[in-house]
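Sequences are here, hints too, so could you generate the full structure?
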Amino acid sequence: MLGLLRKYRVGLLAGCLVLAALLFYSTNLRHQSNTTLFEKVVLQVAAPFLYSFDSTCRTADGLWSRYLWLIDTEEQNQSLRAENRRLRGALTDLQEVRLANERLRKLLDFREVSGLSGVAARIIAVDASSLFRTVLIDKGRQHGLREGLPVVVAEGAVGRVVKCTPRQSRVLLITDASSSAAALVQRSRTRAICRGQGNYLTLEFALRRDDIAVGDLIVTSGTGGIFPKGLVLGRTSNIERGTYGLFQTVTVIPEVDFTRLEEVLVLLGETP
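1 is the number of the first residue of the sequence shown in my numbering; add one for each residue after it.
Just so you know, the hints here were simulated from the structure itself, not pulled from any lab data. All of these numbers come straight from a predicted model, not from anything done at the bench.
The list that follows gives simulated cross-link-like pairs (lysine-lysine, DSBU-like), each with its CA atoms no further than 35 Å apart:
{"hint": "1", "residue 1": "K229", "residue 2": "K163"}
{"hint": "2", "residue 1": "K106", "residue 2": "K163"}
{"hint": "3", "residue 1": "K229", "residue 2": "K106"}
{"hint": "4", "residue 1": "K163", "residue 2": "K139"}
Between beta-carbon pairs, the in silico distance windows are:
{"hint": "5", "residue 1": "T243", "residue 2": "E204", "range": "16 to 24 Å"}
{"hint": "6", "residue 1": "D257", "residue 2": "T223", "range": "22 to 30 Å"}
{"hint": "7", "residue 1": "T259", "residue 2": "E147", "range": "20 to 28 Å"}
All C-beta atoms in this analysis are idealised placements derived from N, C-alpha and C, irrespective of residue type, glycine included.
Listed below in structure tokens is the structure:
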């Protein structure tokens, strides 16, 4: 402490003298109206110090105001960011609701056009292992479902119910290796059996002489006892007739995108 006083003694002394002079000058102002020579000298000497002091005070006040403004702005920004996140979440929810309504509307429109009664269901679980292609839906016996009922979407056939509980059902997809459906080539009316191969379908028992071309639409024939007639199964993508044998090998790409299934329609039969 003493070291600091010794180091800055000149500045401190000058400051004290200026302060004393200002106090003396302020006191004299109350008792006289004319400025003396001494007062003029004091004002002349103190003016730079007063200007510097005033400038420092103004700068400090400006910095403090700026700091408070930045703090307030940051709080407002945080509040706006939180509100932005909330609104984005609400917008996403609204978009999901809109898309779900559009999918359900397509199912209802299909039901009205086909003349078949059905129950709309939501997919709640997917089993897409190498052995099975099944999905679990949120409707069961309490909703009128039973084993063997066909499951569809607006784009075409999805599968059939293979297990039913009171509130849930398991659906075997048409792409499963154990799934098959009586099929018809829409253009030529050629009959065959459409069987699942995991990610695609094949037409079995189609004779080599049968009229089948790449791009033909394959639909259900209605003779298998499961699917009603006219449900879309897929389109032919590859045909191999070979040199020998009775049948041709036909690959069919499903019309339904099974990776994006969310809602389905379980057909109960013809509407009364």
